[in-house]
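Make a model of the complete structure from these sequences and hints.
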Amino acid sequence: MKILKQLITLALLPLALYAQDTTHKGSIITSDGYPIALSREDGLRLFPYKDSLEPLLGYVNTHAKGKIGLSKSVNAQLNIGKDIYISINLDLQMRVEEILDRYKQTLDAQEVLVMVMQSDAGQMVVMASSNRYNPNAIKQEDVPSIVPKYARYPYEPGSLMKPLTLAIALDKQKVEPNTAFDLNDGNLNIGNNLILTDSEIHQYLSAEGIILKDSHIGISLISWLLTATEFRNGLDRFGLMDATGIELSYDKKGFVKSSEKLKDKTAQAGTALGYGLLTTPLQLLKAYNVFNNKGILIVPTFLTHTPSKQTHVISNNTSEQIHKILVENVRSGTGQNAQYDGLEVGGKTAMAYIFKNGKYRDEFHSSFYGFVNDTQGHKYSIGVVTIRPKAKHMQKASVTAVPVFREVVDAMAREKYLKKGLDYRFR
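With the first letter of the sequence shown counted as 1, position 154 gets the number 153 in numbering that gives the first Met the number 0; the numbers rise by one all the way through.
Errors might be hidden in some of the hints.
[Said to hold, decoys possible] Cross-link-like lysine to aspartate or glutamate pairs, in silico, EDC-like; alpha carbons within 16 Å at most:
#1 Lys389 to Glu362
#2 Lys395 to Glu199
#3 Lys212 to Asp197
#4 Lys148 to Asp250
#5 Lys256 to Asp235
#6 Lys71 to Asp250
#7 Lys378 to Asp409
#8 Lys395 to Asp361
#9 Lys293 to Asp119
#10 Lys323 to Glu175
#11 Lys378 to Glu414
#12 Lys262 to Glu229
#13 Lys418 to Glu343
#14 Lys171 to Asp235
#15 Lys395 to Asp197
#16 Lys378 to Glu343
#17 Lys378 to Glu319
#18 Lys389 to Asp107
#19 Lys71 to Glu246
[As the list claims (entries may be wrong)] Quick list of the computed label-pair ranges, beta carbon to beta carbon:
#20 Asn192 to Arg387: 23 to 33 Å
#21 Gly420 to Gly80: 43 to 53 Å
#22 Gly32 to Tyr203: 52 to 62 Å
#23 Gly420 to Asp263: 45 to 55 Å
#24 Ile200 to Asp100: 34 to 44 Å
#25 Asn177 to Lys66: 48 to 58 Å
#26 Asp361 to Gln104: 16 to 26 Å
#27 Ser198 to Asn177: 19 to 29 Å
#28 Asp100 to Lys355: 25 to 35 Å
#29 Ile200 to Asp263: 23 to 33 Å
#30 Asp100 to Asp181: 42 to 52 Å
#31 His304 to Ile194: 52 to 62 Å
#32 Gly32 to Asp241: 29 to 39 Å
#33 Gly32 to Thr226: 50 to 60 Å
Honestly, the hints are just simulated from the structure, not real lab data. Even for Gly, the Cβ is constructed at its ideal location relative to N, Cα and C.
Take a look at the structure:
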């Protein structure tokens, strides 16, 4: 793949030199030194790797203006001749795009998204989609793929909210990881004539066990230990109501019900289950990164020389408790297919039905969000979202999103972003 990229670059070198000699403006350059967008005085922007890094890069319209994504957000700098260096590695990005192309077909999915962020620096290493287009020659059928969904696709996240809910309760000292909960024989009235059930019946589970067994009843009981204001403010601290702050032309805010509405037990339980609120994939990655970054919320960035804003949102102790639970979830819970020898892996699965035209349809998102670390101090947070997978027997995140996650980890290990250690000790 590297040889292919070098050939592409060499083939475009005359164009690049011509642009430098007569009409050159700025270029967008990857962390491994490849120019992925070359700008000219007449507004033409050449994209030598065609659909790679789309829809993140965006395109230039007939009026020579950058549209969508990075082409719009850094358009002014490019037009005054400034080169933009981004933290994304082209070789790793292309490997991940190949993985997503394959899984889109295997799962018969509408789209598959992957985001990889350096946990302690906030720099994005990969932002990939299975739905890409060639910005040099956009066709009518490309229109649905033009908008980058990472920060512009609000969806109900489902069970991804469970670790966040537990983290808020732990931080408020309402519960401990080993606190036992009576699960009422697998049935719980959450109000408004709604009876909640679990797929597996457990008489009792600890707070940790509620995450490992993905108990809807248990997380509802934990959420009710918090006041509506405590719960909502906790979600706000995780950044679920704000734009992420990444350098994109549009960065959508999330939605969480007001404290007044969350005073209703049904609404609070529903939010803890990941329904009745809207978040973007990148908001969730930013929130989950807290568990791999000592309780610190960090603003994601593409730019290699931009320091990320950081805020302590939960205690280091709370972060470590959730971190250990997510590692255990990969070891013995719903995320077991994400295990990777010689690396520490943690994360949470989720499957959420899609609300459309006034009711929940037999369509869903499946997700896996978590982290991977090695013994050398390399730490990454990864988010995977599969949108509307249709393949039979492919409704669980453990067989949709989790295998994608594991293959991304494998690609990172092959590209030396992670170093496997035979003596790795789980925390």
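Results of checking the hints against the structure:
no., hint, verdict
1, Lys389 to Glu362, "holds, 8 Å"
2, Lys395 to Glu199, "holds, 15 Å"
3, Lys212 to Asp197, "holds, 9 Å"
4, Lys148 to Asp250, "holds, 10 Å"
5, Lys256 to Asp235, "holds, 11 Å"
6, Lys71 to Asp250, "holds, 13 Å"
7, Lys378 to Asp409, "holds, 14 Å"
8, Lys395 to Asp361, "holds, 13 Å"
9, Lys293 to Asp119, "holds, 9 Å"
10, Lys323 to Glu175, "holds, 13 Å"
11, Lys378 to Glu414, "holds, 15 Å"
12, Lys262 to Glu229, "holds, 11 Å"
13, Lys418 to Glu343, "holds, 11 Å"
14, Lys171 to Asp235, "holds, 15 Å"
15, Lys395 to Asp197, "holds, 15 Å"
16, Lys378 to Glu343, "holds, 9 Å"
17, Lys378 to Glu319, "holds, 14 Å"
18, Lys389 to Asp107, "holds, 5 Å"
19, Lys71 to Glu246, "holds, 10 Å"
20, Asn192 to Arg387: 23 to 33 Å, "holds, 30 Å"
21, Gly420 to Gly80: 43 to 53 Å, "holds, 45 Å"
22, Gly32 to Tyr203: 52 to 62 Å, "holds, 56 Å"
23, Gly420 to Asp263: 45 to 55 Å, "holds, 49 Å"
24, Ile200 to Asp100: 34 to 44 Å, "holds, 40 Å"
25, Asn177 to Lys66: 48 to 58 Å, "holds, 53 Å"
26, Asp361 to Gln104: 16 to 26 Å, "holds, 21 Å"
27, Ser198 to Asn177: 19 to 29 Å, "holds, 23 Å"
28, Asp100 to Lys355: 25 to 35 Å, "holds, 26 Å"
29, Ile200 to Asp263: 23 to 33 Å, "holds, 27 Å"
30, Asp100 to Asp181: 42 to 52 Å, "holds, 47 Å"
31, His304 to Ile194: 52 to 62 Å, "holds, 55 Å"
32, Gly32 to Asp241: 29 to 39 Å, "holds, 34 Å"
33, Gly32 to Thr226: 50 to 60 Å, "holds, 52 Å"
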